[in-house]
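Enquirer: Below, each chain spelled out in residue letters.
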Amino acid sequence: MASNTQKSSEAKLNTLMTGPDERGHFGLYGGRFVAETLMPLILDLETAYTTAKNDPAFQAELTDLLNHYGGRPSPLYFAERLTQHFRDVAKAQGGTGGAKIYFKRDELNHTGSHKINNCLGQIQLARRMGKTRIIAETGAGQHGVAVATVCARFGLPCEIYMGATDVARQSPNVARMHMLGAKVNPVTAGAGTLKDAMNEALRDWVTNVRDTYYLIGTAAGPHPYPAMVRDFQAIIGNETRAQMLEREGRLPDTLVACIGGGSNAIGLFHPFLDDEGVAIYGVEAGGHGLDVENGHAASMNGGRPGVLHGNRTYLLQDGEGQILEGHSISAGLDYPGVGPEHSWLKDSGRVQYVSITDKEALDAFQLSAKLEGIIPALEPSHALGWVTKLAPTLPQDNLLVMNMCGRGDKDVFAVAGYLGIKL
Amino acid sequence: MTSLKETRIDRRFAALKKEGRAALVCFITAGDPDLETSSAILNGLPKAGADIIELGMPFSDPMADGPAIQASSLRALKAGHTMRKTLDMVRAFRKTDADTPIVLMGYYNPIYVYPNETFLDDAAAAGVDGLIVVDVPPEADDELCLPAIGRGLNFIRLATPTTDDKRLKTVLKNTSGFLYYVSITGITGAGSANPEDVQLQVARLKRATTLPVAVGFGVKTPEQARAIGETADGVVVGSALVRAIETSLTQDGRATGNTAGAVLSLVEGLSAALRTS
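Those protein sequences? They're chains S and U, same order as listed. Here the first sequence stands for residues 1 to 423, numbered as in this note's numbering. Here the second sequence stands for residues 1 to 277, numbered as in this note's numbering.
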């Protein structure tokens, strides 16, 4: 108890929103752990980003793109039937609860997920820096599609690294990237998933560092990426704040978002970190269950701090510091690391990180489709899996916002397969 | 900075300077393809002509390395290699060779989880002379580089074609033993740099430091080694040696009677090239 009291008084004294420090650290986490070849570029990028961030012309151009090309603001939707469902569940258990559920509809953005928010920001930065070639990694392909999209829009050549396993399980997105003019490079190293794609993108970058911009898709990697991607995604939380104030006249009580690298989550969470009354939950991919060795992708619940891909953060690793592949039904969540700000928020206790298994996510996927007519991506299905557990335990006046960060078009064939639906 | 006493690496470069030739720096991955074969290669390297040995610490995600060294790392890990086994190899080597410097090279995470202070103690006690940790930049000197220097270990940094004069000062600040010039922007084992460019770059680096400069990345043949040895104080060969291991293996990846010999004869050829220039 004593330590809890101390923790909350520290939180009052120090805002949680000013990180990272000038070396890119969020407490122990973050930093710039990259090969020397990349260091000068990373330092240039930091300077360019700081300048752009403070340039009203940059911000105005970005806002215009987000609104008219990206389709923002995304609606804050009251999920009435789900709310009723959770109240029925609570009642059946003898309770009177059932939080009021809102979805932040970032799945309605152009390209179908929150990824476009970050890509529009970074492509503007790449152009300002005079870079003529864009590379990126992708897991589920949502980021790859968003990168291919902004590259098409601005006429820049683009190469996407994607694990061969993910190429197979997310084929609709691979087709989209091709149609948008991107070159998709399947990566066969390792298990052929997101971590291997990121290794290969880093190898490309180190080779073509002079003309190439690496458009990282999540709030991870060397400083300034975690802070920069968070800033571009914070529009999710800023809109949510304004929309909820307008709609309910007060802030939400509960926020829930899924965590792979954690960009949609930090985007929703960050503007609320100093609002102590807001309970915040990040939902990791529990795969086959946290007790199954290498059978999940819950870096924070089932991993330890380490250094990979430019930052120190929680990682899935063995006792020798060798990185594990992880597993999740969702290609967007099976990454063995997580953004460093989340690691810091976990240790500080400000955000609670929980996990949802493949099966629980599949159940939530169907619940959303049947009750709300919204087919979610498998990634936010994990967030909804946690809402399914949490909402019936909360009072009816609890305002809960879940980030519906991506739509499920890319997943329908895979899910049909899991559910044994004959097409 | 913390001052270091003269190290085995310093003594070796000083001796070679008197001989008037460049050092042959040989990289192999510890435990590749198995502990026994890798130890045989390591122990045979000085006689074959290696002046300094870089012993790779295998890592699951070697993101600055090309296919040859990636594969060697995975072979070692598949054979059950661990950091303690790497240090055991060095300890055994030191029983018969008190003079040839060994530099451990690799990535940060396996060191970080060891953890750092214990690793540095164990490495120094095993007879390691220096460290090259690819993903720990000078900005993080306080966590690994300075504690290493405190234990008498050289912390060797990489300079690259993107390292401008301003950045070079930062890179050199706590570097000792030698400066490793990565002659291309790229991963290990990729294309080779043009010798005239290397000459210009080495001259630039030598204006900024009195440390010996070793040049690596893309050096494959005795001819290339000789050309680079004319301007640099050391020539690093890695992927070519690791590739020689790979091509000597059986189809299912096991060592053959020829594995150690294939590597060591390649080293003999490289060494001869540096001695006849």
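Heads up, some of the hints might be wrong.
[Said to hold, decoys possible] Below are the DSSO-like pairs computed for lysine-lysine, each with C-alpha atoms no more than 27 Å apart in a straight line:
| id | chain 1 | residue 1 | chain 2 | residue 2 |
| --- | --- | --- | --- | --- |
| 1 | U | Lys220 | U | Lys5 |
| 2 | S | Lys131 | U | Lys166 |
| 3 | U | Lys5 | U | Lys78 |
| 4 | S | Lys53 | U | Lys206 |
| 5 | U | Lys17 | U | Lys206 |
| 6 | U | Lys47 | U | Lys95 |
To be clear, the hints were calculated from the coordinates, so they are not data collected in a lab.
Enquirer: For lysine 17 of chain U and lysine 206 of chain U, compute the direct alpha-carbon distance and say whether it is at most 27 Å.
Expert: holds, 15 Å
Enquirer: Quickly compare the C-alpha distance for lysine 131 of chain S and lysine 166 of chain U to 27 Å and report which way the hint goes.
Expert: holds, 22 Å
Enquirer: Check the hint pairing lysine 53 of chain S with lysine 206 of chain U against an upper bound of 27 Å on the C-alpha distance.
Expert: Not satisfied, since the Cα-Cα distance of roughly 39 Å exceeds 27 Å.
Enquirer: Has the given pair, lysine 220 of chain U with lysine 5 of chain U, been kept, meaning a C-alpha gap of at most 27 Å?
Expert: violated, 34 Å
Enquirer: Lysine 5 of chain U and lysine 78 of chain U: Cα distance at most 27 Å?
Expert: Violated - the C-alpha atoms of lysine 78 of chain U and lysine 5 of chain U are around 39 Å apart, more than 27 Å.
Enquirer: Given the hinted pair lysine 47 of chain U and lysine 95 of chain U, is their alpha-carbon gap at most 27 Å?
Expert: Between lysine 47 of chain U and lysine 95 of chain U the Cα gap is close to 15 Å, so the pair holds against 27 Å.
When each numbered hint is compared with the structure, violations occur for hints 1, 3, 4.
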